[in-house]
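Taking the hints into account, I'd like the entire structure generated from these sequences.
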Amino acid sequence: MDWDFFVQQLVNGLTLGSVYALIALGYTMIYGILKLLNFAHGEVYMMGAFAGFGVLSIFGGAVGLTINALALIVLMLATAMLGSGLLGVAIERFAYRPLRNAPRIAPLISALGVSFFLQSSALLLFGADFRSYETYEYIDLASGIHWGPLNISVVRITVILTAVALMLGLTLLVGRTRLGKAMRATAFDREAAAMQGIDVDRVIVSTFFIGSALAGAAGVMVGLVFYKVYHLMGFIAGLKGFTAAVVGGIGSIPGAMLGGILIGLAEAFITGYVSSTFQDVFVFSILIVLLLVRPSGLLGKADIQKV
Amino acid sequence: MHGRKRNGAVAVALLAIASLVVAASAIARVDAPAATAAPSAGCDSPKIGFQGPITGDAAFIGKEQLGFAQYAIKKLGGGKIKLLQQDTQLDPAQATTTGTKLHADASVLAVVGPAGSQEVLAVAPIYKKGQRLPFISGSATRTSLTSGAIPNFFRVVPNDSVQAPTTAKYIRQILKAKEVFIVDDQTAYSRPLANGVQANLTAGGVKVTRNSVNQKVTDFSSLVSKIGDGVKVVYLPWQIAANGQIFGQQMKEQGKNAVIVGSDGMDSGDFKLPGSYVVAFAPDIRAIKGNEAFIKGYGKKFVSNFGPPTYVATQAAIAAIKKACADGNATRAEVQKQLHTTFIPKSILGGNFQFTAKGDVKGAKFYIFKLGSGGKKTLVG
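Line by line, the protein sequences are chains A and B.
Just so it is clear: in the first sequence, position 56 is 55 by numbering that gives the first Met the number 0, and no numbers are missing.
Just so it is clear: in the second sequence, position 4 is 3 by numbering that gives the first Met the number 0, and no numbers are missing.
There may be inaccurate statements among the hints.
Said to hold, decoys possible - So, partial list: chain A residues that the calculated Cβ filter (under 10 Å) puts toward chain B: (1) Ala-127; (2) Leu-140; (3) Gly-143; (4) Ser-152; (5) Val-154; (6) Arg-155; (7) Phe-268; (8) Thr-276.
If you're looking for bench data, these hints aren't it; they were derived computationally from the structure.
Beta carbons are placed, not taken as given, at the ideal position from N, Cα and C, and that holds for glycine.
Below, the structure is given as structure tokens:
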């Protein structure tokens, strides 16, 4: 067994999986509270990536950067998270709240409409040409951990650690704060939570803000590691994030994290050990089998209908 | 009772579907243009259509192609011939939509483009029907396009039956690689080219590892990890040069020392990894004596070798339209006939330019450039 190759693929998978996990968290949080699949979530991630690129441009671009690389990354993340969070709040306010008491299909269609609207808006604002973070111009990709044939660049280390920190932060927020308690109560039973005096609207807005902020952070991380940013990038990432949320158990926060990491690892190991040609076929086949065995997802709870 | 109701509902549904099908086919018959004799277009305002990836992943290429096409119209069009540009984003579906528009416009007598082989395959059925529209690509290299199946297709660049052995020979004899890693991007352009290079290398005793990755993927790190220590050359016959740049950077991250050789699709400013090689279907016109005035007249900076062939394609289309318009009227069939007689002495690509009977370029060859820092390219083969 070539352990170096195995560990390299593990790192590759964890990097990708961290990004998927951050996107999946947004899907699962919103579903948990509103039972709504927010198909516009992939586009929120895309906007976050563009926000990060905007910050890069403001500070001189990749080649003529005027600030320290670490400061740049912090600013990119902060801007993307704030921007995406506010975008998520606006989407909730104008596209979903008016339909809260409508049949479930209505907000779903609205979500699809918002998705197309955001894609077209990005096309209009930024054009169809892709933008590149060109991280290699301001961060030495050869720096990082080098242990024999094993190489982990400093960018990937940063992305993995940032994703872990964000996920830990979210876990603490949901488990240890008043807002987190209110979110859990609202997800459990919205009407009962309202009757207990919880401001359900505020909880929903906070959920959208946090979930969207995480997607924005994921957008910046993808830009840093894979460079390419364009108006259609949210579609595939959104699909993978949604899949991760379902595999982990839609509505379950730890499940979303687990689902994201699993999909990232599956893609890496299948490419590494089986075939890159049919990577998606194999990954989705495994997911189908998983869901056949456990339809509610790995950490999800089966819905019990009381009669 | 329930059974009868259900059967009734099914029967109604089937009847409704059948009615829709009949109605749709009736509408299609009404809308389909009746086959008529080719109408003559007035030669007062003839147009040349342009199809290229003006936006999207390959915008770098498309913009340079458009720039040179516009330059040809300005320089040679005589003020009468107009260019009608259409953006395909290197997407066959977009190429089909824009191709339908161009085909339907009777004033369009020829088309320059599309850029990609998969797009040519997509628009060919449209351009072949009714009043056949001749089209000249400045960059589609798939060999089978000029097999005779698309008689109204021409190209101003050599095809992959030349590119594959040229590339393989350089990798084997000059770069002296004993082990090569090939990754195709699952397109109609990339796969046959990769097959050709692989076959040539294998016949020459070189060990080849072959992989495939979707064009939409941006994370190649898992694939990069598979590049063994013995691999000296990574061959990427890709259309999206930016993906090649990502691949190269991820190779650098993982400490892989193999050199990248890219196909003509990678010959754009988006792929700029120093020490890499790109195969180009046209020479660098800046290095050809006699082109100084031309380049000065163009006035804009250009990086890839994609633009100048499109100039020659447009030049050929203009010449054919002018000859066909000699009697005041021209049909697309006349323009196509004139294209076969194209002769451009001392073209900007070097030497005289002529088409073969099948629409290829007589005597064309591929060139190999080595990339230096700052985007500098040096001709090495």
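Now for the hints, and whether the structure bears them out:
With 10 Å as the threshold, the beta carbon of Ala-127 (chain A) comes within range of chain B, its nearest partner Cβ sitting at about 3 Å, so the hint holds. Nearest Cβ of chain B to the Cβ of Leu-140 (chain A): about 5 Å, under the 10 Å cut. The hint holds. The interface hint given for Gly-143 (chain A) is met, as the beta carbon of that residue sits about 8 Å from the closest beta carbon of chain B, less than 10 Å. At about 4 Å, the closest approach between the beta carbon of Ser-152 (chain A) and any beta carbon in chain B falls short of 10 Å, and the interface hint on this residue holds.
At a threshold of 10 Å, the smallest CB-CB gap from Val-154 (chain A) to chain B is about 8 Å, leaving the interface hint in force. Checking Arg-155 (chain A) against chain B: minimum C-beta separation of about 8 Å stays under 10 Å; hint holds. Interface restraint check: Phe-268 (chain A) against chain B, minimum CB-CB distance 8 Å, threshold 10 Å, status holds. Taking 10 Å as the C-beta contact cut-off toward chain B, the hint placing Thr-276 (chain A) at the interface holds, the least distance being around 4 Å.
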